[in-house]
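Asks: Going down the list, the protein sequences come from chains A and B.
Our numbering numbers the first residue of the first sequence as 1 and each following residue consecutively.
Our numbering numbers the first residue of the second sequence as 1 and each following residue consecutively.
It cannot be assumed that every hint is accurate.
Chain copies aren't distinguished; within one or between two, either way the pair holds.
Claimed, not checked - DSS-like mimics (lysine-lysine), calculated; alpha carbons at most 27 Å apart, straight line:
{"#": "1", "residue 1": "K167", "residue 2": "K189"}
{"#": "2", "residue 1": "K2", "residue 2": "K224"}
{"#": "3", "residue 1": "K189", "residue 2": "K243"}
Think of the hints as simulated: they come from the structure by calculation, not from any bench.
Because the structure is a prediction, the values reported are computed rather than measured.
2 protein chains.
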Amino acid sequence: MKVVITGGAGFLGTALAQALLESRTLRGSDGRPQQISQLTLVDIAPPRLASDPLVRTLVGSITDAKMVEQALEPDTDAIFHLAAVVSGQAEADFDLGMRANFDATRLLLERARHSGRNPRFVLASSVAVFGGALPAVVEDDTAATPQSSYGTQKVLCELLMSDYSRKGFVDGRALRMPTICIRPGAPNKAASSFASGIIREPLVGQTAVCPVSRDTLMWVMSPKCAIRNLLHGQSLDPQVLGKVRVINMPGLSISVGEMVEALERFAGASTSSLIRWEPDPAVVRIVNSWPGRFDTPRASKLGFKADANFADIIRAYVDEAGVHATSLPTV
Amino acid sequence: MKVVITGGAGFLGTALAQALLESRTLRGSDGRPQQISQLTLVDIAPPRLASDPLVRTLVGSITDAKMVEQALEPDTDAIFHLAAVVSGQAEADFDLGMRANFDATRLLLERARHSGRNPRFVLASSVAVFGGALPAVVEDDTAATPQSSYGTQKVLCELLMSDYSRKGFVDGRALRMPTICIRPGAPNKAASSFASGIIREPLVGQTAVCPVSRDTLMWVMSPKCAIRNLLHGQSLDPQVLGKVRVINMPGLSISVGEMVEALERFAGASTSSLIRWEPDPAVVRIVNSWPGRFDTPRASKLGFKADANFADIIRAYVDEAGVHATSLPTV
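All chains should be built: construct the whole structure from the sequences, respecting the hints.
Replies: Given below as structure tokens:
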């Protein structure tokens with residue numbers, strides 16, 4: 001079974017590839033685990049897992065039809081489409097966002113369609129598809145009225161993938177991911193980048209800027225939980241999914257203030273005091289357009305999972321990232 | 001003020017052009033009526049109103065960027081985008097539907113954007129954006145989950161137009177039109193074509209095939225009411241519309257059986273008996289995926305109108321089309 005991950009050099013793509021290389025199997029269209037014969041990682045940056053013999057790496061942009069053709073060989077059975085231009089960047093450069101987030105997805109869907117194999121196509125979508133005048137709690141059937149170009153582009157992809165699935169061109173499933181935190185590494189241009197930064201940086205004694213207010217409500221998911229849900233999304237039988245191929249993911253509803261309180265309980269006030277509160281109107285506008293609370297009965301019924309609490313997310317991050325902060329309590 | 005109608009040779013496009021040529025004015029961005037200096041009708045078929053000095057006709061496809069460039073001169077202030085490949089055809093030929101319904105709209109939006117004038121862009125959308133597991137009554141905030149490629153392509157256009165509006169590229173408004181009936185002329189490839197045919201053909205003594213069952217509930221609007229609403233949609237101030245640029249149109253909820261009963265009351269049983277009931281699964285599937293009942297408080301508040309009853313729609317059609325059916329009652 002040939003598997004492709006776009007954005008395979010990214011944080012989530014790398015973690016997903018690691019998980020696949022550990023299990024060496026993935027659910028086939030017959031519902032049974034199959035051996036992975038090839039794992040293609042395509043990204044504009046060089047993927048980091050090139051040493052495994054299963055791994056094929058391709059460095060280039062999926063906005064290029066030739067790269068898409070190379071990436072999706074005709075016998076590809078599963079595609080995890082994670083590559084995207086992030087929210088802040090798609091807002092600043094509309095044309096880049098359309099090209100990288102929408103046109104590239106269309107190229108991938110077209111290529112998958114013409115393989116004639118109806119491959120499973122997992123699209124990483126986002127809570128950014130919601131916006132505007134939202135109910136206090138977003139339901140499974142709440143209309144997507146995005147208030148950002150990133151969110152718009154994600155809904156366009158969801159709708160196109162849904163029609164491709166209805167026509168039998170691909171076997172698609174779009175997972176609307178919460179804000180993933182705590183991400184390791186450096187800040188990026190996502191409007192939600194701070195949600196990782198305000199925990200990650202103070203834990204190693206560095207200051208971090210929080211561009212939104214304490215009462216900003218976020219819908220979050222840990223990286224580990226995200227990988228589990230992406231794999232689970234791929235494994236689901238198309239009959240179980242039915243006509244609606246877009247699924248709001250479960251998550252944790254937490255305010256930025258509560259995130260910082262959890263950090264303080266974990267690592268002390270000297271750590272949480274490293275956060276500088278400097279509102280950034282551009283970030284505030286985008287982040288405030290996203291919902292902070294969902295009810296996700298469909299995802300629960302389908303077997304998707306949420307994190308139990310934010311303290312566990314911090315603990316897991318520290319364990320996995322090998323953080324040795326000076327102020328960490330001796331647990 | 002320069003005005004463009006795509007699909008300007010079509011039935012609605014011609015009627016809209018006629019209305020504009022009568023009034024000679026249209027609401028400008030300052031909210032005041034302005035003289036129309038040029039009315040461009042672009043269509044793949046030759047427009048029928050070429051004799052008026054205000055009219056400029058262009059014959060060609062808006063899937064062609066050069067034609068779009070010609071059609072939308074940089075000083076265009078209002079665009080009525082009515083051109084589309086209809087539902088039955090978009091379902092039969094996916095690629096044609098994507099090209100004509102989505103890519104062409106994107107070309108128009110891009111051209112309008114780069115004029116730098118933020119022109120008013122009226123998109124004729126459709127109730128076909130709805131489908132799947134719908135509530136008994138579709139509300140203003142019901143999510144669009146189309147079950148046809150035509151419906152999918154219309155939602156893609158709505159979302160793109162909304163983001164273009166949010167970014168200040170165009171001043172867009174998408175009107176989700178009910179099934180327009182009674183259309184004059186010949187049947188077309190729209191899945192809803194029968195809704196006109198089962199009235200129009202019997203009125204002139206011809207048989208008509210009804211491919212759906214009597215209890216099929218439709219959401220309908222007369223051509224006259226549709227033109228009024230398209231013009232009203234163009235006239236609305238952007239501040240009144242706010243962030244949500246997509247509006248469910250009001251309409252008349254009526255079953256196909258009730259439509260035929262109205263025909264029988266109007267023209268007698270010898271007329272309504274000219275309908276042959278021959279279910280067509282392909283048409284049934286598409287038409288049954290559309291909702292037949294809406295609640296449209298937002299449209300009402302914004303001043304959009306619905307027809308009073310179906311008898312009036314028949315009477316208006318007979319008056320305007322100059323039908324002289326043998327069996328018509330002497331009113």
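Asks: The structure should be examined with respect to each hint, and the outcome stated for every one.
Replies: Checked hints:
Taking the shortest Cα distances, K167 and K189 sit within 27 Å of each other only across copies (19 Å), while inside one copy they are farther apart (36 Å). In the homo-oligomer, the alpha carbons of K2 and K224 lie at most 27 Å apart inside one protomer (23 Å), although the nearest pairing across protomers, at 56 Å, exceeds that limit. Taking the shortest alpha-carbon separations for K189 and K243, only the inter-copy value of 25 Å comes in at or below 27 Å, while the best intra-copy value is 34 Å.
When each numbered hint is compared with the structure, no violation occurs for any of them.
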